[in-house]
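Protein chains: 2
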Amino acid sequence: MYKCSLERMSDKIKTFAQYGDAGHGGITRYSLSAEANMARAEFKKRMEAIGAKVECDDVACMYATLEGSDPNAKRIVMGSHCDSVKNGGNYDGILGVMTGMEVLETVAAENIPHKHPLTAMIWTNEEGSLYPPAMMVSGIICNDYLPEELRGNFLYDNLMKSTPMDESPYATFGDALAASPYTGPKENRLSPENACAMFEAHLEQGPILEDAGNAIGAVQLVMGMFNYSITFRGFSAHAGTFPMAKRHDALYAASSFLVELHKRYDEYNKEVVAAGMPEFVYTTGEINVHPCIHTVIPDEAVVSLDVRHPEPEVRAKCMDILKELAAKDWCQCSCEIEEQWVRDTVYFDKQLVGFVEESMEEMGAKWQKILSGAGHDAQFCAYMIPTTMLFARTKDGLSHCEPEHVSDEDCTEVATATLNAVLKADAAL
Amino acid sequence: MYKCSLERMSDKIKTFAQYGDAGHGGITRYSLSAEANMARAEFKKRMEAIGAKVECDDVACMYATLEGSDPNAKRIVMGSHCDSVKNGGNYDGILGVMTGMEVLETVAAENIPHKHPLTAMIWTNEEGSLYPPAMMVSGIICNDYLPEELRGNFLYDNLMKSTPMDESPYATFGDALAASPYTGPKENRLSPENACAMFEAHLEQGPILEDAGNAIGAVQLVMGMFNYSITFRGFSAHAGTFPMAKRHDALYAASSFLVELHKRYDEYNKEVVAAGMPEFVYTTGEINVHPCIHTVIPDEAVVSLDVRHPEPEVRAKCMDILKELAAKDWCQCSCEIEEQWVRDTVYFDKQLVGFVEESMEEMGAKWQKILSGAGHDAQFCAYMIPTTMLFARTKDGLSHCEPEHVSDEDCTEVATATLNAVLKADAAL
Chain A
1 MYKCSLERMS DKIKTFAQYG DAGHGGITRY SLSAEANMAR AEFKKRMEAI GAKVECDDVA
61 CMYATLEGSD PNAKRIVMGS HCDSVKNGGN YDGILGVMTG MEVLETVAAE NIPHKHPLTA
121 MIWTNEEGSL YPPAMMVSGI ICNDYLPEEL RGNFLYDNLM KSTPMDESPY ATFGDALAAS
181 PYTGPKENRL SPENACAMFE AHLEQGPILE DAGNAIGAVQ LVMGMFNYSI TFRGFSAHAG
241 TFPMAKRHDA LYAASSFLVE LHKRYDEYNK EVVAAGMPEF VYTTGEINVH PCIHTVIPDE
301 AVVSLDVRHP EPEVRAKCMD ILKELAAKDW CQCSCEIEEQ WVRDTVYFDK QLVGFVEESM
361 EEMGAKWQKI LSGAGHDAQF CAYMIPTTML FARTKDGLSH CEPEHVSDED CTEVATATLN
421 AVLKADAAL
Chain B
1 MYKCSLERMS DKIKTFAQYG DAGHGGITRY SLSAEANMAR AEFKKRMEAI GAKVECDDVA
61 CMYATLEGSD PNAKRIVMGS HCDSVKNGGN YDGILGVMTG MEVLETVAAE NIPHKHPLTA
121 MIWTNEEGSL YPPAMMVSGI ICNDYLPEEL RGNFLYDNLM KSTPMDESPY ATFGDALAAS
181 PYTGPKENRL SPENACAMFE AHLEQGPILE DAGNAIGAVQ LVMGMFNYSI TFRGFSAHAG
241 TFPMAKRHDA LYAASSFLVE LHKRYDEYNK EVVAAGMPEF VYTTGEINVH PCIHTVIPDE
301 AVVSLDVRHP EPEVRAKCMD ILKELAAKDW CQCSCEIEEQ WVRDTVYFDK QLVGFVEESM
361 EEMGAKWQKI LSGAGHDAQF CAYMIPTTML FARTKDGLSH CEPEHVSDED CTEVATATLN
421 AVLKADAAL
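Listed in order, the protein sequences are those of chains A and B. Counting in my numbering, the first sequence runs from 1 upward without gaps. Counting in my numbering, the second sequence runs from 1 upward without gaps.
In isolation and in its complexed conformation, chain A is listed as follows:
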């Protein structure tokens, strides 16, 4: 059992929190921005200081590698992203980068023998805040291995030309990349030829560990999901002149639908839990109403629906309920549903998950098995090489906001679990 250093981890947390510091506790650190470059420079400086070789690929991913004793062994990689959402926190993404750094620093400081090259990695543009979509670069790098239906979203040539959000100083993602000091040859990309495992540490982004009194979690899978838009169409008329019975109010239709959907889904969730499965989570986060004027009856309301659960049959039943409700009359409005995004459950590599669980157990950590409801680069990487994830306890379950917090101790704990799992992989692979 090796242990990572609380002191060193605390120093990294404090240091990286400066790069993009928004002045009120959190950061805004868009991918390929000046702020992200400061974080990258810090990564390079610290990794070179322990003798790691730092390389970049053509999409600005960074790899800091400590050579192993076997010149033919493939890399074991620990990585996550250093970009954030707007007004995000000091942990989402960077925790996994700091974990990779801390593992390498511990290996170097304690001279821990290892066969495989060990690589701390920065994935470019996971959030997609300035350059959509999210998980863009893991999609590009793992593209050949992604399921058919996802591949089209991550075609390199298209994404290079994609127009960024307003705040970008560059006209396209390709332009931002061309201006980056952190690019290198395409051959440097992570691949099955140069790597045999990828570990991603991340904050949980939910309250499950905290509520259970556990510090860290061994992630089993990323839940499958579907995301639909639901459109209600009626017709507009003047708020003051149109009798109530003749109205076809699209917002009233959408509201009635949402209340019924919640009722039906909550009922079904009880059955799911009674059958011994975890509950499914569903979210109606977006609504857009037209014309959205207080004196006009809305003629259109579009609502989003996001449903997540590991089991295909649970998602299928949720879809059945959606279709059943969509076929009904809602306040004299039509209802149409349209698929936006569907993904299957991604199961992490059984052997790697086992190494993580054994490490957590041997450490005497307060830990548990856990599922990921959110998407991560690891989920695309899992299609390409054996991959798994570790979660750290998140204060109040908050993330993607400035109060996002993980204690220094829990950050160190997840690094220690990663270190020992990596050493188990080093011995076994």
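Note that these hints are calculated values from the structure, not bench results. One should not assume that every hint holds.
[What the hints assert, rightly or not] Lysine-lysine pairs mimicking DSS-like chemistry, simulated, CA-CA at most 27 Å apart:
hint, chain 1, residue 1, chain 2, residue 2
1, B, 246, A, 395
2, B, 263, A, 369
3, B, 369, A, 328
4, A, 246, B, 369
Everything numeric in this text was worked out from a predicted model, so none of it was measured.
Take the given structure of chain A and dock chain B to it, following the hints.
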């Protein structure tokens, strides 16, 4: 009984529909725009052709006057506006202007004797599409007579500096006015000193006349109303990572509230109708959700509520229901209500309403008494001088959209009713 000319009215309808023609049946004719100036030039040309004297005031209202036989008599005015909403129709506003013109043309053509000067009028900027608020200029002109709580909204100096919407070529409403060829001295404004009555003809903007098989209506009042914003606050969390029971979803709260509000209001409306009163109309037209992202649970939802009825006690009971519901727990979210706009019922002048009703009856028209749910310049004017309105049947109740339609016959019918009511006023006042 005098009659207006269908042929002349049809020609005006066709002519004015060119000014701002959007190419698909309707018009976009913002106040003080080049398109509105074309309509104003047409008004001036036709009115001068029958010997009317055309004057403008400092806020670009236009007055075309045929002198009467009594040099000491005050004007009897017929007016409405020539500006439209974006992609509006060929009747809202301009019908009342064409009615005034048609009345003067009929008086001139048939040499109808009259004591009072008769004035066809264009009110500036009723829609407020480019320069909010709506009914801006009637608010300015009638300001001294408006109820205390409304006056502040229509202070001349503030409105001159108010910033327009994006599409305006001018920086302020004052700049647009300064550039207008249709301004004159402030003394030319409509006032109790120079006018003794104002008639406004307008399309109904609802389906009540059409459903009853009536062509025209004698408007009794403009309904009182209240407009509130209702804000639900919960907190945001990630769609994939947050257990259902811990969510405080502001959109779900708003939806649940809206469904309950509709239920309670619909029940109460039955009581209102059973008591022999017209139903109240209520509209929840606007919703704004934050952050409005499909993968994030909303932390805030703001909904608008607009309630209209002539009787103060009905509006008060609607307010009680709103307050009662706002005090409840909605999906673990807080609920706050805030007044945006309140107006009392404006009753039109009994004598003028009587002249309109007598005229409609004597014409053998298919007519009825009717209430206005929408606001009009006449409603502000009513605080200053005796005022009333006439409505014309509206196809399918549609207005503020390109399919907005009133038949040429119904337009002529409402002009004839106005002519005869004006002549009754001319004799009596």
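A quick look at each hint next to the structure:
no., hint, in the structure
1, B/246 - A/395, "14 Å, holds"
2, B/263 - A/369, "46 Å, violated"
3, B/369 - A/328, "39 Å, violated"
4, A/246 - B/369, "20 Å, holds"
Taken one by one, the earlier hints fail for this structure at numbers 2, 3, listed in ascending order.
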